[in-house]
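Undergrad: Spelled out, the chains give:
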Amino acid sequence: MRLLEYESKTLLREMGMEVPLGRLAHSPEEAAAAAKELGTAVVLKPQVPIGGRGKAGGLAFVDRETEVIPAAERLFATPLRGYEVKLLLVEQQIQARQEFYLGITYDPAARGPVLLASAAGGVEIEAMTERVLRRPLSLVRPWPTFRSREVAAGLGLTGPALLRMTTAIDRLVETFLKFDALLAEINPLMLTDDGRLVAVDAHIELDPDAAFRHQDVVARFGLAGRGERTLSEFERRAAEIDQADHRGVAGRMVQFDGDLGLLIGGGGASLTVFDAVLDAGLRPANYCEIGGNPSVWKVKELTKLILSQPQVKRIAVIMNVVSNTRVDLVARGVIKGILELGRDPATTIAAFRIPGSWEEEGFALLQRYGVPFYTRETSMDQVVAMIAQDKR
Amino acid sequence: MAILADERTRIIVQGITGREAATFTAESLAYGARIVAGVTPGKGGQEVHGVPVYDTVAAALADHPAEATVISVPAPLLKDAALEAIENGLQLVVIVTERIPRRDIAEVLELARERGSRVIGPNSLGVISPGKTRVGMCGGSADAVRRAYTPGPVGVMSRSGGMTTEIASLLTHAGLGQSTCVSVGGDPIVGSTFLELLPLYEADPETRAVVIFGEPGSTMEEALAAHLAAYGSRLPIIAFIAGRFADRMPGVRFGHAAAIVEGGRGSPAAKIAALRQAGVRVADHLRDLPSLVQEAIG
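Line by line, the protein sequences give chains A and W.
Here the first sequence stands for residues 2 to 393, numbered as in the numbering used here.
Here the second sequence stands for residues 609 to 906, numbered as in the numbering used here.
Quick caveat, the hints were computed from the structure, so don't treat them as lab data.
Quantities reported herein were computed from a predicted structural model and do not represent experimental measurements.
C-beta atoms are modelled at their ideal positions from N, C-alpha and C, and glycine is treated no differently.
Hints may be right or wrong, so weigh each one.
Where chain A lies over chain W, by a calculated footprint (3+ residues, C-beta under 8 angstroms) [unchecked claim]:
no.	region
1	713–723
2	822–833
Stretches of chain W that chain A covers, calculated by requiring three or more beta carbons in the stretch to come under 8 angstroms of a beta carbon on chain A [what the hints assert, rightly or not]:
no.	region
3	685–696
4	891–898
Not close to chain A: a few residues of chain W, all C-beta gaps over 10 angstroms, as computed [as the list claims (entries may be wrong)]:
no.	residue
5	Arg642
6	Gln654
7	Pro660
8	Asp663
9	Pro709
10	Cys746
11	Gly748
12	Gly760
13	Gly770
14	Thr773
15	Glu774
16	Leu778
17	Pro807
18	Ala850
19	Gly851
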């Protein structure tokens, strides 16, 4: 769950980090009022969930009151990488003596969080050529302040600036841990001429799997569902079917425009089957990951949904050797869905290949309707290859 | 021989009174696994399929010494259950639970490293040494397990739980049995990677080849490839990497939580290239796995 800049800064400010004085603006007029309140030299920053806004021409530095409205109008009218701009953060400009980068994220290879710090802030961490300090963070023992001091010294700081940086690093560590962040980044962290350290831009991502511990933050910023892909009508209806019945899972339904419908699962098997479908030159109508033990109703409704798209001629039902899924229930659901559409299972099912529990009952039913089915001896990709050869 | 667990391994099940855990406990017992006790706080004194239930791991182990645990508890409770297992000295910790907060699993794995416990998972179906034991729920019912898995010389490591059984079944059908099959888990951070398990297979005289099933995301396959390129292995390694299509469709998330391709890192094409470079036999088609294994072990 990616927080917007102003949301990230709100959390950091509440944790004791200095951020520039700022106001939110939903319109050019609000931006002008905010600028008036903050003083002349301001920066207008669109609140969209992407990095590198500066490079994308998404920031406006304004030094005269009369320039605020035209600059804000331009920003509101210019989508950034597909995101419509609905909200601006108007902030006082900060004059930097030096810019730093501070970030904490999980290092998959180390399997724990790592603190990254650099004395060359302002550019994206991936592009940094300067030395980047890396310090692993223990989750078993608390982070000691001397570690922050070592990092501050490593950044070349001395005197009061070293002490302020030490505190800033401590605060970032506390923020990262307190909110179960996957990423907490301040870039740039600016050292001003009067010796203050100000978080001029910030980016925090929270762990969706830890959201249950942070319902207050989720509610406060309206995070539920944020960052999820916008679903097509087809995908939305698939999600409705999935939610209407708790038995089994129809996950990650993605719509494509081909003529072969797919009821496939589970996770690794769906990836395997989809590769085979494209390799064979077949054109998929959808991707999905069926799992658990879906009810006859759920399978029937999914079958009807997939076949309801006018370009879809046939449906392939393929899973790995299943342990929890009942083969006969899936077979019944698919056949029932096809019959309810007034079509013939024998010609509509391109192939059925789900070996596992209750397979004898399932296979008997498929046989009765003349549906081509395969046992575990035929691998999933072989089944796909046979569908491609079948010129019905 | 086998790796990680064999017929002598004594197992406890944490969260044993849950529906799924109770089912796999009964089926594992029927398969011959030595499940000696279960733990569900507040349900001490009960029994699940004849297995005594305790409130704490310490109490369970006091009556029934064990080496391994299977943890199947809701995600919010996972950290405490896993820390309890590790602090009580269990050497093999299989975590079935998925969608665990990243901070919690990272803390569990850090403590496990300090205490020398080996963690499999999270989001794993567990470990199975065919004909000997099963720690977890790979393959479903005891009958289904006997049908899909047979003892033999091939090790299997898979990032997909379902594909662990599918691959074992393909090998079994081709007359190739398995030494130990490990569902390493589908999450971005797991306790044991391909590279960390490989030395166990190398030290097992029965294992003569290892099959791995990889997916988009993470750099588990790349790390294995880098090691093999530098040091090689006494064992032939045969791989299948699913999700090649993900390279052509950036931005759409497919597969497990870890199967998210970001900026080329962890892309299936990169994994296949790195593994081939390191001398791994990478199957173009799943159906080719058994013949590649046959070829490798002669």
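Undergrad: Run the structure past the numbered hints and jot down the numbers of the failing ones, going up.
TA: 3, 9, 10, 11, 13, 14, 15, 16, 18 and 19
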